[in-house]
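S.K.: Listed below, chain by chain, are the residues.
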Amino acid sequence: MVENLKEISKSKEQAKQDQEASNYSPLEESPEFEDVQEVTSSGRREHKDEDTDQSEEDLNAGVNYNSLNRSPTLQSQQYGCAWIELGMVGLSLGEKHFIQGGIAQDIRSDGRKRLTYRPINVETGVIPQANGSARIRMGATDVISTVKAELGKPISLQPDKGKVSIYVDCSPTAAPMFEGRGGEELSTELSVALQRSLLGGKSGAGAGIDLSSLVVVEGKICWDLYIDCLVVCSDGNLLDALGAAIKAALSNTGIPRVQVAAGASGDEQPEVDISDEEFLQFDTSDIPVIVTLTKVGRHYIVDATTEEESQMSSAISISVNRKGHICGLTKRGGAGLDPSIVLDMISVAKHVSEQLMNKLDSEIAAAEAGEDES
Amino acid sequence: MAGKPGTTPTTYSPSPTTQKTRRPIFNENDVDWVRPDGRGFHQCRPAFFRTGAVNAASGSAYAEFGNTKVIVSVFGPRESKKAMMYSDIGRLNCSVSHTTFATPVRGQGSEHKDFSSMLHKSLEGAIILETFPKTTVDVFALVLESGGSDLPVVISCASLALADAGILMHDLVASVSLSCLGKNLVIDPILEEESYQDGGLLITCMPSRYEVTQLTVTGEWSTPKINEGMQLCLDACSKLAKIMRSCLKEATSTSQE
Chain A
2 MVENLKEISK SKEQAKQDQE ASNYSPLEES PEFEDVQEVT SSGRREHKDE
52 DTDQSEEDLN AGVNYNSLNR SPTLQSQQYG CAWIELGMVG LSLGEKHFIQ
102 GGIAQDIRSD GRKRLTYRPI NVETGVIPQA NGSARIRMGA TDVISTVKAE
152 LGKPISLQPD KGKVSIYVDC SPTAAPMFEG RGGEELSTEL SVALQRSLLG
202 GKSGAGAGID LSSLVVVEGK ICWDLYIDCL VVCSDGNLLD ALGAAIKAAL
252 SNTGIPRVQV AAGASGDEQP EVDISDEEFL QFDTSDIPVI VTLTKVGRHY
302 IVDATTEEES QMSSAISISV NRKGHICGLT KRGGAGLDPS IVLDMISVAK
352 HVSEQLMNKL DSEIAAAEAG EDES
Chain B
20 MAGKPGTTPT TYSPSPTTQK TRRPIFNEND VDWVRPDGRG FHQCRPAFFR
70 TGAVNAASGS AYAEFGNTKV IVSVFGPRES KKAMMYSDIG RLNCSVSHTT
120 FATPVRGQGS EHKDFSSMLH KSLEGAIILE TFPKTTVDVF ALVLESGGSD
170 LPVVISCASL ALADAGILMH DLVASVSLSC LGKNLVIDPI LEEESYQDGG
220 LLITCMPSRY EVTQLTVTGE WSTPKINEGM QLCLDACSKL AKIMRSCLKE
270 ATSTSQE
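So the protein lines, in turn, are chains A and B.
Residues in the first sequence are numbered from 2 upward in steps of one, following the numbering used here.
Residues in the second sequence are numbered from 20 upward in steps of one, following the numbering used here.
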């Protein structure tokens, strides 16, 4: 059986062999790709007229393009399974070419450039019962993040640090498949990616959140921060939106001031008095932003919508802090990437993150100021 | 299983770079810091692989890297279980579990919930899914003992098991992880080093195609450091792939005898 399969794939391999070499170095122009571009750029104007001749040409060019490049459209349905199942949008072949061609020409379906974010809308203090909360809207993607602080005991290995736990919940309002256990896989992936970006290494170095500011009595009492996020509506780029929402929620967080009763000795739990009036604001200048770069064809885009994500060959989410250091990196499924491309994506992400961080900071400050006035 | 008849344990330590001569390196605690098992900073543990560990499976492999022991079995391609939608490419289903006695403290495997999805992402770029449409390939990994750097061992062992099962792949997948302790980069960390790490980097790549299928970075890194770490790991991965290939060749040659 293995032999038969090998023979079937041999013919495919023959066709692929010429392409292999050019696939290896990503910057080389491949002739097939140019054909597709010509067809799509000329065909785009007549795309809506549904001219049958044009669509046949599209189909032929599309078949060549797909088979030589490991049929990215088919495979991307399977890739990043949790992310892609979200957007099981039925895209016709013409629509797929439209998206891919547009990205190649730096004009995306909604008119944005490749490295432009959608307008970000920030509201803070949306959940008054929580210590801090924020709601972020990026286009149709809508996420809410809340922070609750409770007193707890620090881990014995790290007595001078508080604890932070991040959890993402994908609500069924975003997609019906999230009901019950359906969204669990996506939730786990997002939670782990966020923890990796914000909490740094095991020893606590490089963490975006300074855990030692959360300790009340060393070894006995510390603050436990529970950061819970909710995905209300998803249109791609969940990780970036969640990272921004956590940053906004933490800026909005007020930790109540605690007074420790003096004279507690030895193993006794000291008495604490939690003040209702005074609050300490959190220092969020070190919190990194997450930038997800999606690779479609040979170009990277930022802030992909669900349709664009269904056409991706792979994606990398990079978390960059204010100093320009990488605080976390996750490659999110898909085809293999040449290491030089990975390094290139890192430098593009660093460049984009500066603008994103400034924009977010100003939006959060505006939201906080607006909240104070009302 | 610890007896290795005929094969000397081979190691996939990357080529010595100039950093290795920079020896008097100290941690915050010690002045003259040596790794607990006496390895150099850029020295990996000896790798031991055996295929055909599980008879009932289509393909299986056992890997032992120091104290990390992993067994992986592959079932398939077989009929898709749930009445899923028709798909003209195959499906990959991965599951990684720890035994309760794998960790020093019983039952601590809950930290590693995401290993299954990480394994899936590492392998999906390598398997030629078009060759088994409408069917599923199941990969079940079991960590028998967790001695540090578990996920890379699981991934390498899984690709060996897939090769043993005859699933068509673009290339073997090799995986190596790296820890950043202070200013030093130590490759293939053990459990103790991992718990004190300031940052970690895990790379999974297909060495012959020179493509990275999975990359995870934790902690704060500057770009030159990431570059250095990636180069070290990629070098180690290519050597590990050679060891995996020789293990497969041995398995086929002994079965022909």
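In short, the hints are calculated from the structure, not lab data.
The structure displayed is predicted, hence computed values, not measured ones.
Please note that the accuracy of each hint is not assured.
Claimed, not checked - Quick partial rundown of chain B residues pointing at chain A, CB under 7 Å, derived from the structure:
(1) K132
(2) V236
(3) G238
Said to hold, decoys possible - The list that follows gives simulated cross-link-like pairs (lysine-lysine, DSSO-like), each with its CA atoms no further than 30 Å apart:
(4) A:K164 x B:K153
(5) B:K132 x A:K162
(6) A:K97 x B:K153
(7) B:K202 x A:K324
(8) A:K360 x B:K244
(9) A:K351 x B:K244
Said to hold, decoys possible - Among the chain A residues that face chain B by a calculated CB cut under 7 Å, a handful are:
(10) A176
(11) G202
(12) G220
(13) I327
(14) C328
(15) V343
(16) D345
(17) V349
Just so it is clear, CB atoms sit at the ideal spot from N, CA and C, and this is done for glycine as well.
S.K.: A separate judgement is required for each hint: does it hold in the structure or not?
M.R.: To see whether the hints hold, each was checked on the structure:
no. : hint            : in the structure
1   : K132            : holds (5 Å)
2   : V236            : holds (4 Å)
3   : G238            : holds (3 Å)
4   : A:K164 x B:K153 : violated (46 Å)
5   : B:K132 x A:K162 : holds (24 Å)
6   : A:K97 x B:K153  : holds (24 Å)
7   : B:K202 x A:K324 : holds (18 Å)
8   : A:K360 x B:K244 : holds (28 Å)
9   : A:K351 x B:K244 : holds (15 Å)
10  : A176            : violated (16 Å)
11  : G202            : holds (3 Å)
12  : G220            : violated (19 Å)
13  : I327            : holds (5 Å)
14  : C328            : holds (5 Å)
15  : V343            : holds (6 Å)
16  : D345            : violated (11 Å)
17  : V349            : violated (12 Å)
Hint compliance for this structure: hints 4, 10, 12, 16, 17 are not met, and every other hint is.
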